[in-house]
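Trainee: Okay, here's what each chain looks like letter by letter:
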Amino acid sequence: MTALRAVLLGLMLAMQVLLPSGAAGAATPPPGVAICTHNFLAVMSGVRGVASGIGVAEFQGSWIHQEPEQAVSPCVEARAASKTPCSPRKATEGVAFGRYSDVKGHHLNQDAAFKSSIPTKDGVATPLSGNAFTEPGTPHFEAHASLEVSWDQFRRGGARAGELPTNLEYSQAPLRSLRAAGKAEAEAWVLVKAAAGDRVQHGLLGGMPVPRVPGRINQSRP
Amino acid sequence: MLSLPPEVDRRLRRIPWFEACGSAFDLFPGIKQQIESVDSWQAAARCCVEDTWEHATAEAQAALTVRLTEKFPSEAVQWNALAHAARALVRREVGPAIDRVMSEHHLPKAFRDCVEWDVLHALMEEAYAAQVPSAFFRQLLIIYEAGHWPCGWVGEWPAGKLLVL
Numbered sequence: 001m002t003a004l005r006a007v008l009l010g011l012m013l014a015m016q017v018l019l020p021s022g023a024a025g026a027a028t029p030p031p032g033v034a035i036c037t038h039n040f041l042a043v044m045s046g047v048r049g050v051a052s053g054i055g056v057a058e059f060q061g062s063w064i065h066q067e068p069e070q071a072v073s074p075c076v077e078a079r080a081a082s083k084t085p086c087s088p089r090k091a092t093e094g095v096a097f098g099r100y101s102d103v104k105g106h107h108l109n110q111d112a113a114f115k116s117s118i119p120t121k122d123g124v125a126t127p128l129s130g131n132a133f134t135e136p137g138t139p140h141f142e143a144h145a146s147l148e149v150s151w152d153q154f155r156r157g158g159a160r161a162g163e164l165p166t167n168l169e170y171s172q173a174p175l176r177s178l179r180a181a182g183k184a185e186a187e188a189w190v191l192v193k194a195a196a197g198d199r200v201q202h203g204l205l206g207g208m209p210v211p212r213v214p215g216r217i218n219q220s221r222p
Numbered sequence: 001m002l003s004l005p006p007e008v009d010r011r012l013r014r015i016p017w018f019e020a021c022g023s024a025f026d027l028f029p030g031i032k033q034q035i036e037s038v039d040s041w042q043a044a045a046r047c048c049v050e051d052t053w054e055h056a057t058a059e060a061q062a063a064l065t066v067r068l069t070e071k072f073p074s075e076a077v078q079w080n081a082l083a084h085a086a087r088a089l090v091r092r093e094v095g096p097a098i099d100r101v102m103s104e105h106h107l108p109k110a111f112r113d114c115v116e117w118d119v120l121h122a123l124m125e126e127a128y129a130a131q132v133p134s135a136f137f138r139q140l141l142i143i144y145e146a147g148h149w150p151c152g153w154v155g156e157w158p159a160g161k162l163l164v165l
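From first to last, the protein sequence lines stand for chains A and B. Residue 1 is where the first sequence starts when you use the numbering used here, and the numbers rise one by one after that. Residue 1 is where the second sequence starts when you use the numbering used here, and the numbers rise one by one after that.
What the hints contain is simulated information worked out from the structure, not anything from laboratory work. Note that beta-carbon positions come from the ideal geometry of N, C-alpha and C, so glycine has one too. Treat each hint with caution, since some may be false.
Below, computed lysine to aspartate or glutamate pairings styled on DMTMM-like, alpha-carbon distance capped at 20 Å [what the hints assert, rightly or not]:
no.	chain 1	residue 1	chain 2	residue 2
1	A	Lys121	A	Asp102
2	B	Lys109	B	Glu50
3	A	Lys115	B	Glu59
4	B	Lys161	B	Glu59
5	B	Lys109	A	Asp152
6	A	Lys104	A	Glu135
7	B	Lys71	B	Glu126
8	A	Lys115	B	Glu70
9	A	Lys121	B	Glu70
10	A	Lys121	A	Asp111
11	B	Lys161	B	Asp51
12	B	Lys32	B	Glu126
If you only want the chain B side, here are some residues facing chain A, beta carbon under 7 Å, derived [unchecked claim]:
no.	residue
13	Val66
14	Pro73
15	Trp79
16	Leu120
Quick partial rundown of chain A residues pointing at chain B, CB under 8 Å, derived from the structure [stated by the list, open to error]:
no.	residue
17	Ser116
18	Ser117
19	Arg156
20	Gly157
21	Ala161
22	Gly162
23	Glu163
24	Leu164
25	Gly207
26	Met208
27	Pro209
28	Pro211
29	Val213
30	Gly215
All chains should be built: construct the whole structure from the sequences, respecting the hints.
Mentor: Shown next, in the form of structure tokens:
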């Protein structure tokens with residue numbers, strides 16, 4: 001029985017990571033995005049840090065998967081050694097993400113939905129410029145505008161009012177929102193995988209509903 | 001396996017939906033929430049689209065779902081199946097009364113959205129009563145059972161008053 005439960009848990013974890021596009025399965029990762037058992041293991045133990053390339057993930061201070069042609073950034077090595085926060089790098093150099101307390105920016109698992117399970121300061125985040133409430137056209141504003149569309153279907157009057165998206169379904173929302181924020185496809189997928197890993201690390205498995213539907217943020221558009 | 005409470009369809013069928021709206025009321029049994037009356041359908045329809053009411057009912061939903069996902073994951077995974085069943089039941093049992101009142105008083109779609117949300121979540125609170133003793137929507141159902149419409153909120157949740165037609 002214990003073995004069966006372990007197998008089922010492993011399967012659920014794998015689904016969360018390997019199918020970040022949600023139940024519909026409409027999207028597939030772009031060429032070059034690694035979805036592999038190495039990342040799966042990384043997700044099981046938590047993904048943290050600044051990825052210096054696609055498919056690279058930090059594993060409790062060390063790297064367990066790295067594309068052969070890509071080097072670990074000195075910044076990340078220094079962080080692993082010293083445990084000091086690492087400044088996020090520009091997206092053009094790699095995919096920047098980390099703990100919200102380190103990078104600020106945009107929670108990949110929306111804080112208003114997940115903060116009961118993922119402490120605000122610990123949530124995985126990525127730098128996005130702009131004010132999410134007042135600056136239309138900026139990446140942060142457009143990311144949240146996209147998230148609002150996703151949440152609306154679960155709010156009063158929505159097509160699925162009263163239901164909650166599962167964590168697996170939720171993966172669609174940050175993927176769309178990161179595209180809306182102007183992120184490249186490959187970068188968006190790396191971030192979505194990091195977000196899925198963060199949820200799993202906090203016990204939010206793919207088949208479980210998200211803790212809550214956030215209230216409307218009432219963005220101001222001219 | 002969780003299920004909607006037995007007899008709930010009969011309970012919904014017995015409710016004199018909206019028949020006492022516009023008439024005075026005193027106290028509703030078992031409700032401690034402060035209540036303020038609204039005196040017309042049009043005023044009530046305006047109240048129900050206010051942000052304060054959406055916020056209150058969204059927070060009441062979250063009070064249930066956050067606790068469930070934190071403490072009762074096995075039960076939480078059944079949420080959507082129950083919500084599906086509850087929505088179908090609400091539409092079947094309450095839909096005709098909603099249609100009638102919307103037509104009589106020229107009410108917007110928001111009226112239907114609000115009533116369906118309230119009753120659906122009252123059923124969800126009943127279904128999960130053994131896990132989470134939240135009662136906000138179950139109290140709204142008591143007001144519906146008295147023939148009135150809980151239509152809005154004044155104040156900042158959780159403080160404030162419930163508005164009832």
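Trainee: The structure should be examined with respect to each hint, and the outcome stated for every one.
Mentor: Going down the list of hints, with the structure as the test:
Of the pairs offered as hints, the one joining Lys121 of chain A and Asp102 of chain A holds, with about 8 Å between alpha carbons and a cut-off of 20 Å not exceeded. Between Lys109 of chain B and Glu50 of chain B, the direct Cα distance comes to roughly 14 Å. Compliance with the 20 Å bound is thereby established for this hinted pair. Proximity of Lys115 of chain A to Glu59 of chain B is assessed by CA-CA distance (about 14 Å); at most 20 Å being required, the pair is judged to hold. Distance restraint check for Lys161 of chain B and Glu59 of chain B: the Cα-Cα separation of roughly 15 Å lies within the 20 Å cut-off, and the hinted pair is therefore satisfied.
For the proposed pair Lys109 of chain B and Asp152 of chain A, the alpha carbon gap of about 16 Å is at most 20 Å, so the pair holds. For the proposed pair Lys104 of chain A and Glu135 of chain A, the alpha carbon gap of about 17 Å is at most 20 Å, so the pair holds. The straight-line distance between the Cα atoms of Lys71 of chain B and Glu126 of chain B is roughly 17 Å, inside the 20 Å bound, and the hint therefore holds. Taking the CA atoms of Lys115 of chain A and Glu70 of chain B, the gap is near 11 Å; set against the 20 Å cutoff, the hint holds.
As the CA atoms of Lys121 of chain A and Glu70 of chain B are separated by approximately 19 Å, the hinted pair is consistent with the 20 Å bound. Of the pairs offered as hints, the one joining Lys121 of chain A and Asp111 of chain A holds, with about 10 Å between alpha carbons and a cut-off of 20 Å not exceeded. The straight-line distance between the Cα atoms of Lys161 of chain B and Asp51 of chain B is roughly 14 Å, inside the 20 Å bound, and the hint therefore holds. Distance check on the hinted pair: Lys32 of chain B and Glu126 of chain B sit about 18 Å apart at the alpha-carbon level, within 20 Å; holds.
A hinted interface residue such as Val66 of chain B counts as satisfied when its beta carbon comes closer than 7 Å to some beta carbon of chain A; here the least separation is about 5 Å, so the hint holds. Because the closest C-beta pair between Pro73 of chain B and chain A is about 6 Å apart, less than 7 Å, the hint holds. Taking 7 Å as the C-beta contact cut-off toward chain A, the hint placing Trp79 of chain B at the interface holds, the least distance being around 5 Å. The interface hint given for Leu120 of chain B holds, since its Cβ lies 5 Å from the closest Cβ of chain A, which is under the 7 Å cut-off.
With a least beta-carbon distance of about 5 Å to chain B, the hint placing Ser116 of chain A at the interface is held under the 8 Å criterion. Annotation: Ser117 of chain A was flagged as interfacial toward chain B, and the flag holds, the nearest CB pair being 7 Å apart, inside 8 Å. Checking Arg156 of chain A against chain B: minimum C-beta separation of about 5 Å stays under 8 Å; hint holds. Nearest Cβ of chain B to the Cβ of Gly157 of chain A: about 4 Å, under the 8 Å cut. The hint holds.
Because the closest C-beta pair between Ala161 of chain A and chain B is about 6 Å apart, less than 8 Å, the hint holds. Below 8 Å, beta-carbon pairs count as interface contacts, and Gly162 of chain A has one with chain B at about 5 Å; its hint therefore holds. A cut of 8 Å between beta carbons decides the hint on Glu163 of chain A: the least distance to chain B is about 5 Å, and the hint holds. Satisfaction of the interface hint for Leu164 of chain A is found here, the shortest Cβ-Cβ separation to chain B being roughly 6 Å, below the 8 Å cut-off.
With a least beta-carbon distance of about 6 Å to chain B, the hint placing Gly207 of chain A at the interface is held under the 8 Å criterion. At its closest, the beta carbon of Met208 of chain A sits 6 Å from a beta carbon of chain B; the interface hint therefore holds under the 8 Å criterion. About 5 Å separates the beta-carbon of Pro209 of chain A from the nearest beta-carbon of chain B, less than 8 Å, and the hint is met. Residue-level restraint check for Pro211 of chain A holds (minimum Cβ-Cβ distance to chain B is 4 Å; threshold 8 Å).
At a threshold of 8 Å, the smallest CB-CB gap from Val213 of chain A to chain B is about 7 Å, leaving the interface hint in force. Annotation: interface hint on Gly215 of chain A holds; nearest CB of chain B at approximately 5 Å, less than 8 Å.
Of the numbered hints stated above, none is contradicted by the structure.
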